[in-house]
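2 protein chains.
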Amino acid sequence: MNPLSPAFIGELSALLGADGVRHSPAQKAVYASDAYTLEKSLPGVVALPRTTAEVSAILRLCHARGVPTVPRGAGTGLAGGSTTGSDAVLLCLSRMSEIVSIDLPNRRLRAQAGAINIALTKAVAADGYQFAPDPSSQGASTIGGNVANNAGGPHTLKYGVTVNHVLGLQIVLPDGEILELSADDCGYDLVGLVTGSEGTLAVVTEVTVKLVKTPEAVRTMLVVCRTVDDATTMISAIIASGILPAALEMIDRTILLAVEEAYKLGLPTDAEAVLLIEVDGAEAGLNRQAERITALCREHGAVRVEAATNALDRARLWTARKKSVGTLGRLAPSHATQDGVVPRTKLPQILREIAAIGARHKLRIANVFHAGDGNLHPVVLFDERDPEEVKRVLIAGGEILAACVNAGGALTGEHGIGIEKRDFLHLVFSPEDLDIMAKVRGAFNPDGLLNPGKLLPFGGNCCPHLRRPEAEALLNLTKTRAAAV
Amino acid sequence: MNPLSPAFIGELSALLGADGVRHSPAQKAVYASDAYTLEKSLPGVVALPRTTAEVSAILRLCHARGVPTVPRGAGTGLAGGSTTGSDAVLLCLSRMSEIVSIDLPNRRLRAQAGAINIALTKAVAADGYQFAPDPSSQGASTIGGNVANNAGGPHTLKYGVTVNHVLGLQIVLPDGEILELSADDCGYDLVGLVTGSEGTLAVVTEVTVKLVKTPEAVRTMLVVCRTVDDATTMISAIIASGILPAALEMIDRTILLAVEEAYKLGLPTDAEAVLLIEVDGAEAGLNRQAERITALCREHGAVRVEAATNALDRARLWTARKKSVGTLGRLAPSHATQDGVVPRTKLPQILREIAAIGARHKLRIANVFHAGDGNLHPVVLFDERDPEEVKRVLIAGGEILAACVNAGGALTGEHGIGIEKRDFLHLVFSPEDLDIMAKVRGAFNPDGLLNPGKLLPFGGNCCPHLRRPEAEALLNLTKTRAAAV
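Chains as they are written, first to last, in this note's numbering: chain A, -2 to 482; chain B, -2 to 482.
Incorrect hints may appear among the rest.
No copy is singled out in the list; a pair is fine if it fits within one copy or between any two copies.
[Claimed, not checked] Lysine-lysine pairs mimicking DSS-like chemistry, simulated, CA-CA at most 30 angstroms apart: (1) LYS25 / LYS343; (2) LYS207 / LYS343; (3) LYS261 / LYS119; (4) LYS320 / LYS436; (5) LYS343 / LYS210; (6) LYS388 / LYS359.
Simulated from the structure, these hints should not be mistaken for laboratory data.
Looking at chain A on its own, in the form it has when it is part of the complex (with noise of 0.2 angstroms):
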């Protein structure tokens, strides 16, 4: 059916109400795309419903008519996770936005899914608590979001990425049925197996999330260093010292100039990488942690450390880290943020190849990283209007994929597989794999018609519209420089 048809409109908005659907052109134009803005379409219709009952009613009713549905958070998805097109619904959950209960002496916090990530931690700081993981995007994106890409963030070095904060799901199934899964039931693991499966398998409706004590104290230091390898010498010893440190971060040299411009932090500009390191827990033992990292770093070559004395310097350090991004909109028009893992003591290797690629596509790219899990995050400045230069960083980037996984890494740390990626698992999986991928989501998804063509290639239940064959000639050619390489 099509979701255009004044009949399936009115069947919807008997569902949710006139103010519940979108469906002029004006308004479903900031649903085209989420924060991959490489591809672009319009949804067919846009549903946006208020409980768990409503997601229900929808899915149940697109199920009936054979109309594909997507799932949406905030859309700050960098794979295309929520791309949609004129034959679907695309289903978006940022007005389920309660925070639906909270115990503390459990240390249990449970919130609809279109929920604010930061909005979990404020609730609950005033009693010493918060939700560990925390992704750049943790003042716009949704728990929900976060689940579905199983997010990470800074701190994702010692608290672990969202599926390790997970307690409970509660799930809607493509044709409408509602479950309540708990990480402590037994049998298959389905919260382990729902996170992280970009909406693929059902919709998450409401989350149930562990809380962890606000730390009694943190250190933060900035280590100036004079060379990247100098950075990844550091922090190889760092870690071969048995310190964990809660965050380890590494921003280079065209992100420094562009902070700086931005915000005026006073950050060094002469140096070609910087490191953001940060140690928390128990008063006790935390300056001997801080100093063993300072001397450790000096011993290493650092240009110049500087710990944070206050919670305004503190915060002043990790603008530079959290607002990197960000800032780039000052030298380039639009960006492309790439993800990819290498193993840490590659860091090196990989940032050579990172800038040899961009030299021989013409493209400048900076660098962030969360550099303690060797999850690099690229950025490729570019203009979005010059139809060449997107060719460019298409390709461009398929070739940093290429060139982690050759690496011995992995194609994504945290932002997913989207459509941006999916091509690409031919580079990791056989076919074996990716066949028993399928059959996983056939088991929840049979018709393939919640969230289609997404985080797997292409099966036989894909959206017409998502087929690219431009893209698929794009991965030859990645592949043959791959093998060249």
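With the hints as your guide, set chain B onto chain A.
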């Protein structure tokens, strides 16, 4: 095909050599059950592969001949997960016990599935590393079995369960296909899904685990408590203080008496409960944590707090816990270890209910707990030669589980479902929940030939010999009783 037929045994022997196949009743007798001894049954034939290629060949053969296959490690499982029958091949991985590789810079170790848990730590202890999950069976249980059951242990409270330490799995699908899964991979979290799936999705042949630094320092305390209520109040106070102990174990008076009689450790025999509390980490600050714990315990009525002052002393305190179940052989010819979970705050209530259940069925029940996790192990003492008493043990076990669920808990903390609890899943799962789990199983194991009848209640594809009308009758009895509570 009958796995006892000379033709089938001939085919199997051609794959493994005569030495790799056991088919005489005397040889098979030791495989009649795992550590869940309430139901025993000889396998059709036992296959003892040495390599993944052999496992693949066995599964391919069984798949072609329609013969059910049951994987098994050391047989320490407490829920009958490797119980088999005369129509099936028991695939025993105990000969696959090699440490395949050690990569200290990246803190990972790869072992064959049949490697003993403690062997992993022994292989890296001299370098200052350990494999954290330490089930009480760690001297015998295999890493493959730990993965199959997502095993925990006393240090789960701080370090998490097995899945938190698995970086990769080599698995063989029921049709013989070999896959390499990595936790770093994008796409669905198949490592997480297979971990804890009790051999119903695939046979795990090699495991890559995370290594953690051996803690710089440890403080171990034994706290003598007047009542179980006192002990649980102390536990809540410790957790609320923000300290995360490495272990927080409880044993009751019955166990204390048995351990003391066996080992003469000088433990108190007048206490209703004893807590074993351990903190670990950097030396700095650890004394302060230990002092704080001691103060909190005293404040909440501790009769005495003993601190281990050296490694020998620490080993003595741990003996009380790790050997606790083993010593029960002094009190009765047989024992059945239950495994339930309740919210920590419900520990006193559940202990009173367990005592009442024991009294009602004239059964002596001892208790050991991972108290910090609310994971309890009531141990029912009995004589397995008395069929009437066995029946009472089964009923009491069901009632204990129902009581855990009624208290807001779960059916199993770490021992799995196996055959023991399969019929109790209805207590926590809706038919829709079980349906989606059956579909997930079907994605991997479509013919149900791999470990049939385990983990899930009866479906269409279970071994007839595992249907237990008697157990179902008991379940109904249990349900009626639970409803009456």
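We went through each hint and held it up to the structure:
no.: 1; hint: LYS25 / LYS343; result: neither (43 angstroms within a copy, 51 angstroms between copies)
no.: 2; hint: LYS207 / LYS343; result: between (33 angstroms within a copy, 19 angstroms between copies)
no.: 3; hint: LYS261 / LYS119; result: within (28 angstroms within a copy, 53 angstroms between copies)
no.: 4; hint: LYS320 / LYS436; result: neither (40 angstroms within a copy, 44 angstroms between copies)
no.: 5; hint: LYS343 / LYS210; result: between (34 angstroms within a copy, 22 angstroms between copies)
no.: 6; hint: LYS388 / LYS359; result: within (12 angstroms within a copy, 77 angstroms between copies)
When held up to the earlier numbered hints, the structure conflicts with 1 and 4 and fits the remainder.
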